[in-house]
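Participant: Here the sequence shown is numbered in the numbering used here, starting from 4 and rising by one per residue.
Possibly wrong hints are sitting among the right ones.
[What the hints assert, rightly or not] Label pairs and their calculated CB-CB ranges: (1) 122 - 525: 51 to 57 Å; (2) 149 - 511: 52 to 58 Å; (3) 503 - 81: 17 to 23 Å; (4) 301 - 590: 28 to 34 Å; (5) 365 - 510: 28 to 34 Å; (6) 633 - 253: 45 to 51 Å; (7) 288 - 566: 44 to 50 Å.
[Unchecked claim] Dumping the calculated SDA-like pairs for lysine to any residue here, alpha-carbon to alpha-carbon at most 25 Å: (8) 179 - 144; (9) 360 - 617; (10) 457 - 472; (11) 407 - 617; (12) 158 - 179.
It is worth saying that the hints were derived from the structure and are not from the lab. Here a beta-carbon is modelled for each residue, glycine too, at the ideal position from N, C-alpha and C.
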Amino acid sequence: MVARIDPSVHEEITRLTALLQREKEEEYQQYREFLQSTGIQQRVNAGYTWYPLMIKETGYGLGDYPFLTAQRTQHHETAHQFQGGRQVRLFQSTDKDNFLNGTLHYVDDNEMKIIFFTDELPDWVHDGKIGVDVLFDERSYREMEKALQTVAGAKNCRLAELANILYGKQAAYFEKDAGYEHETLNASQQDAVKKILSAHDIACVHGPPGTGKTTTLVAALQEIVAQELTTLVCTPSNAAADYITRKLGEKGIRVLRIGNLSRIDDELLSYTVEGLLEKHSRAEELAGYKKRALEYRRVAGKYKRSFGPEERRQRDLLYREARALSQEARLLEDHMINDLLRTSQVIVTTLVGVENKYLEKKTFHTVVIDEAAQALEPAVWIPICRAHRVIMAGDPFQLPPTVKSAEAQKGGLSVTLLEKCIERVPDAVHLLDVQYRMNETIMNFSNGRFYGGKLSADPSVAHRTLDVPSPFDSPVEFVDTAGCGYEEESDPDSQSLFNRGEINILMNHWEQLSAALGEQRPSVAIITPYREQVRKIAESLPSTPEGKPVIPVNTVDAFQGQERDIIYISMVRSNANGNIGFLADYRRMNVAMTRAKKKLIVIGDSATLGYDTFYREFLSYCESHATYESAWSYMKM
4 MVARIDPSVH EEITRLTALL QREKEEEYQQ YREFLQSTGI QQRVNAGYTW
54 YPLMIKETGY GLGDYPFLTA QRTQHHETAH QFQGGRQVRL FQSTDKDNFL
104 NGTLHYVDDN EMKIIFFTDE LPDWVHDGKI GVDVLFDERS YREMEKALQT
154 VAGAKNCRLA ELANILYGKQ AAYFEKDAGY EHETLNASQQ DAVKKILSAH
204 DIACVHGPPG TGKTTTLVAA LQEIVAQELT TLVCTPSNAA ADYITRKLGE
254 KGIRVLRIGN LSRIDDELLS YTVEGLLEKH SRAEELAGYK KRALEYRRVA
304 GKYKRSFGPE ERRQRDLLYR EARALSQEAR LLEDHMINDL LRTSQVIVTT
354 LVGVENKYLE KKTFHTVVID EAAQALEPAV WIPICRAHRV IMAGDPFQLP
404 PTVKSAEAQK GGLSVTLLEK CIERVPDAVH LLDVQYRMNE TIMNFSNGRF
454 YGGKLSADPS VAHRTLDVPS PFDSPVEFVD TAGCGYEEES DPDSQSLFNR
504 GEINILMNHW EQLSAALGEQ RPSVAIITPY REQVRKIAES LPSTPEGKPV
554 IPVNTVDAFQ GQERDIIYIS MVRSNANGNI GFLADYRRMN VAMTRAKKKL
604 IVIGDSATLG YDTFYREFLS YCESHATYES AWSYMKM
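Generate coordinates for the entire structure from the input sequences, incorporating the hints supplied.
Facilitator: Right under this line is the structure:
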């Protein structure tokens with residue numbers, strides 16, 4: 004066994020720790036400055052606050068901790084920073100001393116559920132003028148820092164070996180390829196499963212858009228769980244964890260989803276701790292403890308705020324008995340949860356969620372990290388510290404992890420561990436090379452630019468198009484607004500950019516395409532890089548009875564993982580300086596361009612985009628392989 008990590012690896016981990024500290028300082032500084040310099044309304048507009056809130060329900064949940072479910076009564080369409088697992092602060096606007104910290108359990112449209120790790124909710128919660136702020140996510144940084152410290156100090160252990168292997172300082176070891184065949188997987192996917200099953204140390208699955216990465220991972224996990232007690236699967240986000248939980252459950256794997264779900268529906272509830280506890284053999288006993296504790300609290304709560312010494316003593320006794328019953332409930336619940344952990348074949352959580360009280364000191368033979376290309380490297384080390392071998396899957400040419408510090412970005416914090424492995428340990432990497440989503444004309448620009456021309460479109464999708472006349476039958480269409488005078492504008496409040504002219508062209512194009520489609524009803528979505536453009540496009544579209552635009556509109560980041568028959572992309576940028584801002588992050592455009600199955604329509608200003616080599620190549624591709632039109636064709640006189 005290797006005594007300790009290689010000195011160069013130790014140096015890289017030390018540098019990574021310093022970059023993470025810069026990122027933490029920058030994010031905290033931005034957060035503090037914003038909250039200190041703004042009032043409630045500005046925080047609401049920026050998405051850091053929901054106010055006012057209407058409390059829909061209160062009660063006691065897992066661990067007999069109090070929760071409340073609340074709805075925002077205004078600003079329903081305002082984008083926000085809230086997501087499951089984040090720390091939040093409930094406050095009362097009329098008294099700065101009335102606040103209570105909690106954990107956001109889920110956010111669903113305009114409703115959220117918050118769990119508080121206290122005995123009971125304070126009385127002021129029911130007095131009105133309530134709001135909630137999202138807090139700085141210090142816990143994530145704390146867990147990442149701890150993981151890096153563990154790696155840096157690793158010696159005489161498996162972690163030291165893995166660190167050297169992952170950084171290419173020690174050869175990865177593979178058994179002879181496992182004999183594996185699967186009737187529904189293609190040859191490339193089967194080879195990826197073989198690579199995973201034969202890996203003694205690490206294996207990486209590089210899955211470009213539409214190549215069936217999740218399908219491949221689930222197939223591999225079906226084989227792994229037949230050989231190992233419990234496998235850990237981690238993702239950077241709750242949404243990704245929910246998705247793979249669902250796919251594993253559909254295959255009959257006993258999966259336990261630990262953590263805060265971004266939303267809970269009936270389908271996912273059956274895989275969570277809460278859902279599985281309801282089916283446990285001792286569920287009725289647990290419910291009895293909780294029911295009695297709740298009744299004591301109900302009786303205690305009937306006492307008014309102004310009462311005498313005897314009433315106060317009685318109320319205190321009731322609360323004390325409720326706490327004792329809650330403690331009994333928690334002890335029983337912990338025992339039941341240990342049963343769930345022991346009998347689950349796969350445990351799914353987020354990367355930071357590994358540091359959960361239920362998983363404390365638990366180790367795993369295999370950890371699978373899905374969407375590893377979206378995760379900061381320090382976060383990926385959190386589960387690796389618990390593992391004997393590591394399987395990573397993702398695509399480094401799609402959305403990268405978010406880094407707010409320019410210094411940390413320049414220093415390489417956004418470079419993921421998956422990217423390092425692809426570069427330094429190529430023998431551990433397998434590329435999935437057949438995609439099942441796009442017409443090959445939609446695929447080929449990204450294929451050549453990002454994947455070395457190694458991808459092919461499956462025959463079932465390669466020539467699939469809309470059944471419409473020219474020019475709408477072309478799988479890729481670029482509508483050029485150059486010379487139309489459609490310059491970008493900046494919203495004074497959000498500082499986000501928008502382009503009114505592009506919206507007009509998009510609406511007119513869709514009107515004509517809709518007429519050409521006739522009775523056909525293909526799926527459609529609109530993607531744009533800027534939130535203000537999202538808002539203005541949504542306002543320009545008719546609404547459903549639920550008040551949502553009839554065509555989904557969202558940012559590139561929000562649309563990753565989705566697909567539609569028809570995708571519109573509004574580029575927004577149009578200026579005399581050729582300034583394209585964060586459009587220069589080409590990975591985002593790779594995501595946007597690869598969401599379409601049958602037709603991709605890009606609307607933009609070639610005079611501005613053409614300053615950049617990447618977009619100049621895309622414009623040339625459209626001129627040679629697709630339809631290149633002037634926006635004048637879609638202007639109403």
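Participant: Please go over all the hints and tell whether each is borne out by the structure.
Facilitator: To see whether the hints hold, each was checked on the structure:
The supplied range of 51 to 57 Å is met by residue 122 and residue 525, whose beta-carbon atoms lie about 54 Å from each other. Range check, residue 149 to residue 511: Cβ separation about 55 Å, and the 52 to 58 Å hint holds. Take residue 503 and residue 81: their Cβ atoms lie about 21 Å apart, and the range 17 to 23 Å holds. Between residue 301 and residue 590 the C-beta distance comes to about 54 Å, which lies outside the given range of 28 to 34 Å.
Checked against the hint of 28 to 34 Å, the C-beta distance between residue 365 and residue 510 comes to roughly 54 Å, which is inconsistent with it. About 48 Å separates the C-beta atoms of residue 633 and residue 253, a value consistent with the hinted range of 45 to 51 Å. Distance hint check: the CB atoms of residue 288 and residue 566 are about 47 Å apart, consistent with the given range 44 to 50 Å. Pair hint residue 179 plus residue 144 does not hold up; C-alpha atoms about 40 Å apart against a cutoff of 25 Å.
Proximity of residue 360 to residue 617 is assessed by CA-CA distance (about 47 Å); at most 25 Å being required, the pair is judged violated. For the given pair, residue 457 sits about 32 Å from residue 472 by alpha-carbon distance, which is inconsistent with the 25 Å threshold. A C-alpha spacing of about 24 Å is found between residue 407 and residue 617, which places the hinted pair at or below 25 Å, so the restraint holds. Using a Cα cut-off of 25 Å, the hinted pair residue 158 and residue 179 is violated, with the two alpha carbons roughly 29 Å apart.
In this structure, the hints that do not hold are numbers 4, 5, 8, 9, 10, 12, in rising order.
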